[in-house]
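Engineer: These protein sequence lines map, in sequence, to chains A and B. Numbering-wise (the working numbering), the first sequence opens with residue 7 and increments by one. Numbering-wise (the working numbering), the second sequence opens with residue 35 and increments by one.
Hints may contain errors.
Said to hold, decoys possible - Facing chain B, a subset of chain A residues (Cβ under 7 Å, in silico):
no.: 1; residue: 28
no.: 2; residue: 31
no.: 3; residue: 34
no.: 4; residue: 35
no.: 5; residue: 38
no.: 6; residue: 40
no.: 7; residue: 41
no.: 8; residue: 42
no.: 9; residue: 46
Everything labelled a hint here was simulated from the structure, so no lab data went into it. All C-beta atoms in this analysis are idealised placements derived from N, C-alpha and C, irrespective of residue type, glycine included.
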Amino acid sequence: MLVKKKKGVLQELYLIEIIKGLFITLKNLFFAKKVTIQYPEERRNYSDRFRGMHYIKATNGVENCTACMLCPTVCPAECIHIEAGERDDKEKYPVKFEIDLLRCCFCGMCEEACPKDAIKLSNIYEMSTTHREVYEKSFLLEQRGGK
Amino acid sequence: MDKFDWLAVGAKAGFIVLVLLQVVPIMVWVERRGSALMQNRLGPNRVGPLGLFQSLADVLKFLWKEEGAPGHVERFYYLLAPLVSLVPAFMTFAAVPFASSIMIGDRLVQFQIADLNVGILYIFAIASLGVYGIIMAGWASNSKYTMLGSLRSSSQMISYELSMGLSVIGIIMTFSSVKLGDIARLQGETLLQLGSLSIPKWGILIQPLGFLIFLVAAFAETNRLPFDLPEGESEIVAGYHLEYGGMKFALFMMAEYLNMTTASAVISTLYFGGWQLLPGMTALLSWAQEALHLSGMGAEALRVGFEMASFGIKVGFFMWFFVWVRWTLPRFRYDQLMDLGWKVMLPLSLVNIFVTGLMVYYGWI
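Chain A with its partners taken away, still in its complex shape (with noise of 0.2 Å):
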């Protein structure tokens, strides 16, 4: 329901409610904190759960991806290509590991989906590039860390 406001004459009259208005807003030039994040110098904070570039993790060197596809099966975006290999200890390793980072969504689902705790999203979000990006192996086992 419209509920009209009773106004004094002064109030009628606006001037004085101008000139308060004006103070208000003279108040928040001089002493109100800016809220403006200066980019390059400063930089927001992301909550850890942010998905960001995608890394595999290595345990002592070796990456924890066994190639079991499942991360690849369950991206919606189809952006991971795996091709798998067997090591010398007869053990299931990926020989490449692709990200096409154009098709990516960043929705996190490998990350939840794989069972190695191999692939991860970290908190980095400065990605622009000038080309088509793809990631590969030795790109994402460079250790970018966040989780």
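Fit chain B to the known structure of chain A by using the hints.
Structural biologist: Chain B only, in chain A's frame:
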């Protein structure tokens, strides 16, 4: 007019044009930083110290923009319109005195480009020419939105010019002159003597209502918020300058800021004593003249400098006021704007004339 006069007029005109051209980028910066700080942001602070060179960067960008016109415009008027709105903005300043006079040799030099005997009328005439640029732009752009913008602009001008002109009549009646030089000079007289403190006869003290009406009308005349109906992103995309880009758009923007400057100058001349020294500056001036052991020509030059500074401070304050109000008040709706113009401001300005007439008749002022 002999050689000396030509030289003096040329120097004054050159000085004014240079100053006005410098004012525009600074005002754009003030507007952007000021609005940002009021909204708890920081605003442009990267280019140069405090972001002062941001306007330069903007101008460079404007200059490098593609110079094109849409196919559906009336080309001649389309190109003419920015100039038509820019040139009057410069021209108005010609009648505004920015300091008193000085004797150079045996010649009296007025610090006013042209001391016209029609003074304030000239300013009104030229200032309303500026709206032709807006109308021309809207019409020649041949598009619905620009049309609507310029229509709004013209009706707004008509409604507010009326009360603006009427509000000034009070001032003209009290000083019985339309020459801005006279009006500024007469405001130096004493209105009230309170002991050693003499209150000058500034326009605002004798014409508070007239000042208020003039101030509001000046906002409407310069198309500034809360009366910026000719523009409006949500209703008419951009308003009259929708089809303009690059430097042509920048000219419209320059015209807006120049109009603002002129309006501030006229307000300070009519109601705040123009170049009359601010309270306290008189003592400072005599102190400075003593301290520097100046006499004759030097002292006079210092006085003129002080007067220019005083005028500059007043104009600067009003320009800041324009920015300040813009980022404080919400916009008017169109019918509210018309209501205010015709039903409030016009009767009030008529009342003002009547009251002033009575006061002049009984010799109170």
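Engineer: Does the structure break any of the earlier hints, and which numbers would those be?
Structural biologist: Violated: hint 9 alone.
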